[in-house]
Amino acid sequence: MDHLTIIGLLAGLITTTGLVPQVVKGYRSGSMDDVSLLMPLVLMAGMALWLVYGVLLGDFPIILWNGVGVSLNAILIVLKVRAGKKKKGAEPPVTH
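Terminal number for the sequence shown in the working numbering: 320, no gaps in between.
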């Protein structure tokens with residue numbers, strides 16, 4: 225494995241793992257109030273394009289980490305949508 229591939233793998237690992245804490249927090253808490261739906265949608269679209277670019281070039285680090293990034297953003301979107309549905313289905317607070 226050449227040094228450019230190693231740098232690409234490390235760069236992708238570092239930037240992609242930035243999404244993991246948000247996915248874990250949202251999954252455990254069920255709350256996604258602090259997460260904008262637009263953010264993971266835009267990131268997923270950009271990463272999907274990077275993924276296509278990587279496939280066309282045959283560049284393994286780009287393919288690997290953008291594939292993981294697309295998956296993590298898809299999970300964030302699902303968590304956000306589910307949390308929104310749960311919130312809408314909740315009973316309104318009782319006022320006296």
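Fair warning: there could be bad hints in the mix.
Said to hold, decoys possible - DEER-style ranges, computed between Cβ atoms:
| hint | residue 1 | residue 2 | range |
| --- | --- | --- | --- |
| 1 | His-227 | Lys-309 | 15 to 25 Å |
| 2 | Asp-257 | Leu-228 | 21 to 31 Å |
| 3 | Met-225 | Asp-257 | 35 to 45 Å |
| 4 | Leu-262 | Ser-295 | 44 to 54 Å |
| 5 | Leu-228 | Ala-272 | 21 to 31 Å |
| 6 | Gly-242 | Lys-309 | 35 to 45 Å |
| 7 | Leu-273 | Ile-238 | 14 to 24 Å |
| 8 | Lys-312 | Ile-230 | 45 to 55 Å |
| 9 | Asp-258 | His-227 | 33 to 43 Å |
To be verified - Simulated crosslink set (DMTMM-like; lysine to aspartate or glutamate; CA at most 20 Å straight-line):
| hint | residue 1 | residue 2 |
| --- | --- | --- |
| 10 | Lys-312 | Asp-257 |
| 11 | Lys-311 | Asp-226 |
| 12 | Lys-311 | Asp-258 |
| 13 | Lys-309 | Asp-257 |
| 14 | Lys-310 | Asp-226 |
| 15 | Lys-312 | Asp-283 |
| 16 | Lys-304 | Asp-226 |
| 17 | Lys-309 | Asp-226 |
| 18 | Lys-249 | Asp-283 |
| 19 | Lys-312 | Asp-226 |
Worth flagging that the hints you see were computed from the coordinates, not collected in a lab.
Where a beta carbon is used, it is the ideal one built from N, C-alpha and C, also for glycine.
Outcome of the hint check:
1. At about 47 Å, the CB distance of His-227 to Lys-309 disagrees with the hint of 15 to 25 Å.
2. The supplied range of 21 to 31 Å is broken by Asp-257 and Leu-228, whose beta-carbon atoms lie about 41 Å from each other.
3. One distance hint, 35 to 45 Å for the beta-carbon pair Met-225 and Asp-257, holds here, with the actual separation near 43 Å.
4. At about 19 Å, the beta-carbon gap between Leu-262 and Ser-295 misses the expected band of 44 to 54 Å.
5. Taken as a hint, the range 21 to 31 Å holds for the pair Leu-228 and Ala-272, whose Cβ atoms sit roughly 23 Å apart.
6. Against the hinted window of 35 to 45 Å, the Cβ-Cβ separation of Gly-242 and Lys-309 comes to about 27 Å, which falls outside the hint.
7. A hinted range of 14 to 24 Å holds for the C-beta pair Leu-273 and Ile-238, which are about 20 Å apart.
8. As the Cβ distance of Lys-312 to Ile-230 is approximately 47 Å, the hint placing it in 45 to 55 Å holds.
9. Hint check: Asp-258 to His-227, Cβ distance near 39 Å, so the stated range 33 to 43 Å holds.
10. A C-alpha spacing of about 12 Å is found between Lys-312 and Asp-257, which places the hinted pair at or below 20 Å, so the restraint holds.
11. Using a Cα cut-off of 20 Å, the hinted pair Lys-311 and Asp-226 is violated, with the two alpha carbons roughly 50 Å apart.
12. Using a Cα cut-off of 20 Å, the hinted pair Lys-311 and Asp-258 holds, with the two alpha carbons roughly 14 Å apart.
13. Between Lys-309 and Asp-257, the direct Cα distance comes to roughly 12 Å. Compliance with the 20 Å bound is thereby established for this hinted pair.
14. About 49 Å separates the Cα atoms of Lys-310 and Asp-226, which puts this hinted pair outside 20 Å; it is violated.
15. Proposed proximity of Lys-312 and Asp-283 is contradicted: the alpha carbons are some 43 Å apart, above 20 Å.
16. Straight-line distance between C-alpha atoms of Lys-304 and Asp-226 comes to about 40 Å, which puts the hinted pair past the 20 Å bound.
17. This hinted pair does not check out: Lys-309 and Asp-226 have alpha carbons roughly 48 Å apart, beyond 20 Å.
18. The straight-line distance between the Cα atoms of Lys-249 and Asp-283 is roughly 31 Å, outside the 20 Å bound, and the hint therefore fails.
19. Distance hint between Lys-312 and Asp-226 is unfulfilled; the C-alpha atoms sit about 52 Å from each other, more than 20 Å.
In terms of the numbered hints stated before, the structure departs from hints 1, 2, 4, 6, 11, 14, 15, 16, 17, 18 and 19, listed from lowest to highest.
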